[in-house]
Amino acid sequence: MIARFIKLLFVVSILLTINVVQAQTDEANAKPPKGISEAELKANADAFAAAYKFLLLENYTSAQKNFEEIVNKYKWDAASRYELARIYAGTDKIPEAVELAEGAYQLDPSNKWYGELLGSLYEQSGQTPKLIKLIEKMLRQDPNNTAALEKMASAWLNSGKPAKAIVYLNKIEALEGVSEPLSLQKHKIYAEQLKKKKEAARELIHLADAFPEEDKYLMMLAEYYGKNSDYKEAVKVYDQLLARNPDNVYTAISMADMYNKMGDREKVRETLHQAFASKELGAEPKLQVFLTLYTPEQIYTTEKEAALDLVNILNATHPNDPKLLAIRGDLLYKSKREEEARTNLLQSIAIDSSRYFVWEQLMFVMSAMNDTLGLTSFSYRCRQLFPFQPIPYFFEGLMKARAGQHAEAARIFREGKALVTDNNALLEQFAMFLGDTYHALNLPAESDSAYEETLRYNPENIYVLNNYAYYLSERGVLLGKAEKMSAKAIAAEPNNATYLDTYAWVLFKLGRYEESHFWMSKTLAAEEKPGATLYDHAGDILFKLNRVDEAVQMWQKALLINAALKEVELKINRRSLNE
Numbered sequence: 194m195i196a197r198f199i200k201l202l203f204v205v206s207i208l209l210t211i212n213v214v215q216a217q218t219d220e221a222n223a224k225p226p227k228g229i230s231e232a233e234l235k236a237n238a239d240a241f242a243a244a245y246k247f248l249l250l251e252n253y254t255s256a257q258k259n260f261e262e263i264v265n266k267y268k269w270d271a272a273s274r275y276e277l278a279r280i281y282a283g284t285d286k287i288p289e290a291v292e293l294a295e296g297a298y299q300l301d302p303s304n305k306w307y308g309e310l311l312g313s314l315y316e317q318s319g320q321t322p323k324l325i326k327l328i329e330k331m332l333r334q335d336p337n338n339t340a341a342l343e344k345m346a347s348a349w350l351n352s353g354k355p356a357k358a359i360v361y362l363n364k365i366e367a368l369e370g371v372s373e374p375l376s377l378q379k380h381k382i383y384a385e386q387l388k389k390k391k392e393a394a395r396e397l398i399h400l401a402d403a404f405p406e407e408d409k410y411l412m413m414l415a416e417y418y419g420k421n422s423d424y425k426e427a428v429k430v431y432d433q434l435l436a437r438n439p440d441n442v443y444t445a446i447s448m449a450d451m452y453n454k455m456g457d458r459e460k461v462r463e464t465l466h467q468a469f470a471s472k473e474l475g476a477e478p479k480l481q482v483f484l485t486l487y488t489p490e491q492i493y494t495t496e497k498e499a500a501l502d503l504v505n506i507l508n509a510t511h512p513n514d515p516k517l518l519a520i521r522g523d524l525l526y527k528s529k530r531e532e533e534a535r536t537n538l539l540q541s542i543a544i545d546s547s548r549y550f551v552w553e554q555l556m557f558v559m560s561a562m563n564d565t566l567g568l569t570s571f572s573y574r575c576r577q578l579f580p581f582q583p584i585p586y587f588f589e590g591l592m593k594a595r596a597g598q599h600a601e602a603a604r605i606f607r608e609g610k611a612l613v614t615d616n617n618a619l620l621e622q623f624a625m626f627l628g629d630t631y632h633a634l635n636l637p638a639e640s641d642s643a644y645e646e647t648l649r650y651n652p653e654n655i656y657v658l659n660n661y662a663y664y665l666s667e668r669g670v671l672l673g674k675a676e677k678m679s680a681k682a683i684a685a686e687p688n689n690a691t692y693l694d695t696y697a698w699v700l701f702k703l704g705r706y707e708e709s710h711f712w713m714s715k716t717l718a719a720e721e722k723p724g725a726t727l728y729d730h731a732g733d734i735l736f737k738l739n740r741v742d743e744a745v746q747m748w749q750k751a752l753l754i755n756a757a758l759k760e761v762e763l764k765i766n767r768r769s770l771n772e
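Per my numbering: the sequence shown = residues 194 to 772.
Read the hints as simulated data drawn from the structure, not as lab findings. We put the beta carbon where it would ideally sit given N, CA and C, even for glycine. Keep in mind that a hint or two might mislead.
Using 27 Å as the maximum straight-line C-alpha spacing, the simulated DSSO-like pairs for lysine-lysine come out as follows [unchecked claim]:
1) Lys286 to Lys235
2) Lys268 to Lys305
3) Lys390 to Lys330
4) Lys286 to Lys227
5) Lys266 to Lys235
6) Lys357 to Lys326
7) Lys389 to Lys429
8) Lys750 to Lys702
9) Lys305 to Lys326
10) Lys409 to Lys391
11) Lys326 to Lys266
12) Lys364 to Lys390
13) Lys409 to Lys472
14) Lys389 to Lys330
15) Lys390 to Lys420
16) Lys460 to Lys425
17) Lys715 to Lys681
18) Lys305 to Lys258
Simulated DEER-style distance windows between Cβ atoms [to be verified]:
19) Leu566 to Glu720: 27 to 37 Å
20) Leu763 to Val670: 20 to 30 Å
21) Glu762 to Lys497: 17 to 27 Å
22) Glu459 to Lys388: 31 to 41 Å
23) Pro302 to Lys354: 50 to 60 Å
24) Lys472 to Glu720: 33 to 43 Å
25) Trp306 to Leu368: 14 to 24 Å
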């Protein structure tokens, strides 16, 4: 530490001769006190040279010892006090260093090096009042001493008087001209301590004017305006920067941010349009900017066209970026452009198949398109790649059920359902389709259990309320429960012919034929093209009401729609139910 301290204050070669050191010593003690003999002066100079030689050799222990002896012997030797003060300062003996530096300066106040050392020690030891008095004295001797001016500015800052510090910083600037360190220091004082926004901005303006080739100062000015919510001024500065360099994507993005804070969304889009078309910046940071300046609501609802336009530009600029392809696919899907969405998502997966959410979105798109082949293939592939994600199991189970592979569908549904955590909506869906699958497998107990579970997750699931009620009525069990569930379904959707048919059929099973006929009439009125099942049910109800001719007419309509209904044909021939 001593070496560093000394080397910072002296640029001197270790090869200097003793004669050179002697010359420096003579200069330091140019005005010795009266009455000192030539012999004593020479002895002092020789002792100083010997001690100084130890400094040059970095033998600080010996140097300190020698200088201590000199100081004790020659009370008038300012130079030795100065050197010993420096050594003490390097070993953190600050009080001792201060005392010696004060002595050196008192002996020779015209020596600026003594004054600067003493000032540094006052500053280091927190003796600000003494420091200020010292610097005032030094500046009376040399008003252009920039080192003293800097210390005075620092002293006033440490005293909590930033306005006075500015005065001295301005004096330095008048002597040396505009410089980055000085202007930034003044800017910081105005901005953070004096809270003078105009003056803080003015310092950055002066800096930008002094160095017109440097864009960074205008960037700092624009950022400062933005930080203080002066967005219009910030935009003006960004306009200047873009006039200089129209292709600077960073400036354009910063400008878009200002427009966003101003609430000018059209300008946000225009500015980002320019930035996103540039290849100066990669896809990932552009994507982060997009997701910062556009909220999900804006992307998917209020500004979806503008959002898609920007994503199209990103995609055109970076055509092989899998994230951009995936995001474009997502936006296209939300815009009901499923074909294009599927293409983009497939391209994304072809480039990078490691991101699960892209696979999931692709499966939803294929489901919306009723792309059975695609969904069958990709749900299976996704399940192999991501075996702990439940959604691929869900879609693969649906495809197996649709293909009539109900046992396989049930197995896959069970496995997928076991993976679901903290998502009752998804558990509801798994349980619901398990209920349908078990019914198809003629496993009524398992089907009932799955439907009951579904209704625990969502008692208002009208699809299950209807199906469960109908299957109970077909088996002739729990008809009271079936009636309540069916009534709840038609209360939710009073014009749904399927639900009306179920309710009529439950009433039929309960033997309430008049009510059943009433609801079946509503069913037939609600259905534009009633199916064979509806006509068959209507015929059965009419038969129970002893309206046989009308019943036969209904059965005949059913048979016209589906000639394969042998039981209906038998009822027509018998003019009776097959009981």
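If you test the structure against every hint from before, which numbers come out violated? Failing hints, ascending: 1, 3, 4, 11, 14, 21, 23 and 24.
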